[in-house]
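Participant: With the UniProt record's numbering applied, the sequence shown closes on residue 339, and no number is skipped along the way.
Since the hints were derived computationally from the structure, they do not count as laboratory data. There could be a bad hint or two in this list.
Said to hold, decoys possible - Label pairs and their calculated CB-CB ranges:
1. H334 x A18: 45 to 51 Å
2. L318 x N251: 45 to 51 Å
3. T203 x Y58: 19 to 25 Å
4. N143 x L236: 31 to 37 Å
5. T253 x M154: 24 to 30 Å
6. T254 x S232: 29 to 35 Å
7. M154 x W336: 47 to 53 Å
8. H168 x T309: 27 to 33 Å
9. L179 x Q289: 34 to 40 Å
10. T254 x D66: 40 to 46 Å
11. P141 x Q177: 48 to 54 Å
12. R279 x P61: 56 to 62 Å
13. A18 x P329: 51 to 57 Å
Unchecked claim - Lysine to aspartate or glutamate pairs mimicking EDC-like chemistry, simulated, CA-CA at most 16 Å apart:
14. K12 x E29
15. K225 x D20
16. K225 x E249
For glycine and all other residues, C-beta sits at the position ideal for the given N, C-alpha and C.
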Amino acid sequence: MGEEREDPQQPKRMAAAAYDYENDPRWPEYWSNILIPPHMASRSDVVDHFKRKFYQRYIDPDLMVDSMSASSSSQPKRPSASSRPTNDQPQSRSAGSTARTSGTSATSPPTSLRWDRQTIQFSVNAWVFLVAVLAIFPLVPKNLSNRAYRLSFMGTACSSLYSLYSLHGKPRAWNLQALQVYFQSIIVTKDFIYLIYCLTFVTSHLCLKFALIPILCRALEHVAKFLRRNFSQSSLYRKYLEEPCVWVESNTTTLNILSSHAEIGLGFLLIISLFSWQRNIIQAFMYWQLLKLMYHAPDTSDYHLSVWTKIGRTVHPLIHRYAPFLETPLSAVHRWWLR
């Protein structure tokens, strides 16, 4: 009878065994909330069992996971520890209480948030989102709006810097060669791009609320992903936040394209500002260097390329018809842009 049940489950068990748990950020948090003795945590059969429980909870609910007592029957000296995930067998009082504790931890979401990397990022981005909304809200007093505008960029810069440190660490050495290797590894990442983006505007006397659009999109995407992964069982989340979070996660491409339009539009706004008393030549030059980096970086190149293609299809016929003398300088700029 056991083998008859195993046949339809065999592909699911193979998929669970082949799943990349180490690169799933939910697995370390899930494993850390399982209360088992250290000598049990080092056993591969125990780890594999809880990996299957994790896969059943987050990936494939149809996967059937056998009890630990069945999978560890060859070790009768430790029946209470091996049967920890289930409560359907008679056990001693101490073993039963331990089994109920670990079984609850393995099958239900944690009741309290641990201050890991994802939680810190969620807290900072949720704060950035609220402050950015306050900055663009039309009824907010101007001095409070300007302060919220600056704080939005500062919060996003801190979030990006923390993410860079968490994912890439620090340079191996503080010499020129090690720093060059380190910066070559992070310069094309989205976190580094947003760090430079925020520093460009937080240090400027210009107050362009239009620049908050990419910040809002980034914060909204981070917050929605965290809520879906950690609060999907909450009744409050299901009632008020599930639909917005599902919409955000299913429309990340739309948000990225919106951010790309705003980022490129800011470049032209900075060029226009050069003809006003608020001009800042250095800021405009540095921002166009950043736009060039966005055009070539893997995380943003596709979205920027689509926007620039639309601009080219609109502008090139007009230049060819009404201002052909601009074709030569634009060709030189185009060659510099593609380098």
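Participant: Could you run down the list of hints and mark each one as holding or not?
Facilitator: We went through each hint and held it up to the structure:
1. The hinted window of 45 to 51 Å between H334 and A18 holds, with their beta carbons roughly 46 Å apart.
2. Judged by the Cβ atoms, the range 45 to 51 Å given for L318 and N251 is violated: they are separated by roughly 32 Å.
3. A beta carbon spacing of about 42 Å between T203 and Y58 contradicts the range 19 to 25 Å that was offered as a hint.
4. Take N143 and L236: their Cβ atoms lie about 35 Å apart, and the range 31 to 37 Å holds.
5. Between T253 and M154 the Cβ separation comes to about 28 Å, which falls inside the hinted range of 24 to 30 Å.
6. For the pair T254 and S232, the supplied restraint of 29 to 35 Å is violated, since their beta-carbon distance comes to about 23 Å.
7. As the Cβ distance of M154 to W336 is approximately 32 Å, the hint placing it in 47 to 53 Å is violated.
8. Roughly 32 Å separates the CB atoms of H168 and T309, a value that falls within the hinted 27 to 33 Å.
9. In this structure the hint that L179 and Q289 lie 34 to 40 Å apart at CB is violated, the actual value being about 19 Å.
10. In this structure, T254 and D66 meet the distance hint of 40 to 46 Å, their C-beta atoms being roughly 43 Å apart.
11. Between P141 and Q177 the C-beta distance comes to about 51 Å, which sits within the given range of 48 to 54 Å.
12. For R279 paired with P61, a C-beta distance near 59 Å keeps the hint of 56 to 62 Å intact.
13. Range check, A18 to P329: about 56 Å between beta-carbon atoms, so the 51 to 57 Å window is met.
14. Distance check on the hinted pair: K12 and E29 sit about 23 Å apart at the alpha-carbon level, beyond 16 Å; violated.
15. A hinted pair counts as satisfied when its Cα atoms are at most 16 Å apart, and K225 with D20 does not qualify at roughly 19 Å.
16. For the proposed pair K225 and E249, the alpha carbon gap of about 7 Å is at most 16 Å, so the pair holds.
Against the hints set out earlier in the document, violations occur for numbers 2, 3, 6, 7, 9, 14 and 15.
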